[in-house]
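Enquirer: The primary structure of each chain is shown beneath.
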Amino acid sequence: MILQVENPVVEVHDLTVAYQKKPVLWSIDFTLPAGNIIGIIGPNGAGKSTLLKAIMGIIPLASGQIRLWNFPIKDVRKRVSYVPQRESVDWDFPASVKEVVLMGRYPKLSLFQRPTKKDHEIVKQCLAQVEMLEYENRQIGQLSGGQQQRVFLARALAQEAELYFMDEPFAGVDMASEAAIIKLLHQMRAQGKTIVVVHHDLQTAYEYFDWILLINQRLIASGPKEKIFTPELLQATYGGKLTTLTKIGELLKKKSFSSRKDG
Amino acid sequence: MWSAVIEFITFREPNIRFVVLGSIFMGISAALVGSFAYLRKQALVGDTVSHSVLPGICIAFLCIGTKNTPILLLGAFIAGWLSLLAVDWLIHQTKIKPDSANAVALSTFFGLGVFLLTIIQHTGNAAQTGLDKFIFGNAAALLKNDVWLFLGLALCTIVLVSIFFKHFALLSFDRQFAVSIGYPVKALEVLLTSLTVIAIVCGIQAMGVVLVASLLIAPAVAARFWCYNLKKMLVVACSIGALGGYVGAFISYLAPAMPSGPWIVVALFFIALASFIGAPQKGIWARFRLGQNNKRRVQEENILKYIYSAQEDGLIKEYTITPQCLAELRNNKTLEAIEPYKRLCRKNLAIQKGSAYQLTSKGIEYAKRMVKVHRLWELYLAHYLHLPPDHVHEDAESIEHIITPEIEKQLIQLLDNPSTDPHGKDIPY
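Taken in sequence, the protein lines are chains A and B.
When you read off a place in the first sequence, starting at 1, and then add 35, the result is the number in our numbering.
When you read off a place in the second sequence, starting at 1, and then add 3, the result is the number in our numbering.
Source of the hints: derived by calculation from the structure; they are not laboratory data.
C-beta: ideal position from N, C-alpha, C; glycine also.
With a straight-line Cα cutoff of 30 angstroms, these simulated BS3-like cross-link-like pairs (lysine-lysine) come out:
no., chain 1, residue 1, chain 2, residue 2
1, A, Lys159, A, Lys113
2, B, Lys169, A, Lys133
3, B, Lys169, A, Lys113
4, A, Lys288, B, Lys98
5, A, Lys57, A, Lys109
According to the in silico footprint, chain B covers these stretches of chain A (three or more CB under 8 angstroms from chain B):
no., segment
6, 90-100
7, 119-125
8, 128-134
9, 141-147
Please take these sequences and the hints and turn them into a complete structure.
Expert: Here is the structure:
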């Protein structure tokens, strides 16, 4: 059940990603429509975050091709925003909430340029949008998990992009933050933005997303949520990894054998 | 002795000026790049590079046969970079973990360096005297031309870090995001690493290869205790580094026979120690005081609350009781100590009446709130954690002291303005 769309925002073609020769994503192939909130769903270790990192060019591809609006990522970075997993950074870093959000303006600044008054205003607006304005001078280390997540989202907003990739924004956040994030996603969709969210909780997935991608090392389904949420497809996703696929992967790693051109 | 000190402080001799200036700038540039290494959790890298430059110096000397500083430093720079490449290679090609890979590279390179140094010392080449100064450092041995070189390199480092400040800050905080916005992360990492190697290479003359890593990391560690902002942290770290450099130059001048590296390290150690202890909020002393204050507050709040309850139960009149009576009533000997009562008096929460103490109206208000949040918390536990009424009191005894007005409001809302606690007692509003 893999539905393709016309004029896709994201087009992933035959993507394979490997860590130390061991493929963690096998031949992923899909297209995503614009203006939707899209969920990438799958169990732990399914390769959801890996998929986002591959799309953003953070990790190398073993094979395949990724195009955004039919361009390679390096040509359209200014139109794309990436929200890493909250745990991927050290929140003890000496910075305030405001300073982290200001980083979202960095792509717009040239080497010698300092943030302007306008940049600071945008930072304030973005903080207000995630209901964090009152914390602007707080040390990031003093925030709760949900607040930290909202700071990351504010930074993404400050990028003023059209396409957003968010890695587990709902992981470990309190109810107030979760509600604030959902509200924000809806606002963004209303502005015509496309948001791709990695999510592991099946309970809430149906409620949150318009379009759903089911993955577990391979792509199981991609389409509008009504068509994707079937017992068969969910069973295929959560029913465990394919034994043979896993075995072959281990073998490739052990024999240091390159499955694709990665070398 | 004193004349030497005065001579040093007044910079009367031009030579002193150079040595001091060179040492200070060395300290600044090392602290600057060291701060980024520290924030990127690469403190070990400094150690690896500094130990690994020794064979580079020796090989450079063996090639040219004289002590030409720029050439020796070039050798050091190359060896430093090679050691990092070796670490990288070990991590990626073998299953060795990063800490072990650093240890392997460090010891191998340093061993090779000492080996070469011994060979050089036995060649009988007169030019080699002083080469062993590179092990523990001697700031006074800085020559005028060397100082210009170090000064130039240090200034370059400071200028480059200022230009790429945004980039380095983002790289240190969130590398993935830096990649995602298209920063040339690999190139930036090479630049930052090169600056680190240069800072180390500049530092070995004064610090020696064994100790120069501390000039990178100690200022950053100390500064982190005082600062919550990256720019401020860098400024403080650089000041500490400059101070370290100054101390080194000073000692070298007073006692030329003594290696300056250890002195600088000892000076940095005391600065770092003072920071661990004395820094506001994060320092040991501040945390100790916070703990003490909390303990006192808990004592005071408990007394207020106990007096309030005793009045509520009709055991006392007009909120007045002696410490002995209260201790007996609560079956708690510690309540006999009168210091907490005295503190309550000083805060106008109670007044002394003979040997007894009476709550003021302000004290009654305070006590009432304590009882209120205690009972609200009990109710919350009973409701939301499904604890039986006889299990909630102990927990509330400690939690009541940290409930903020904000949480208090939330509790009242969640519990829908409750009137009684799980034991059936009224919640005072």
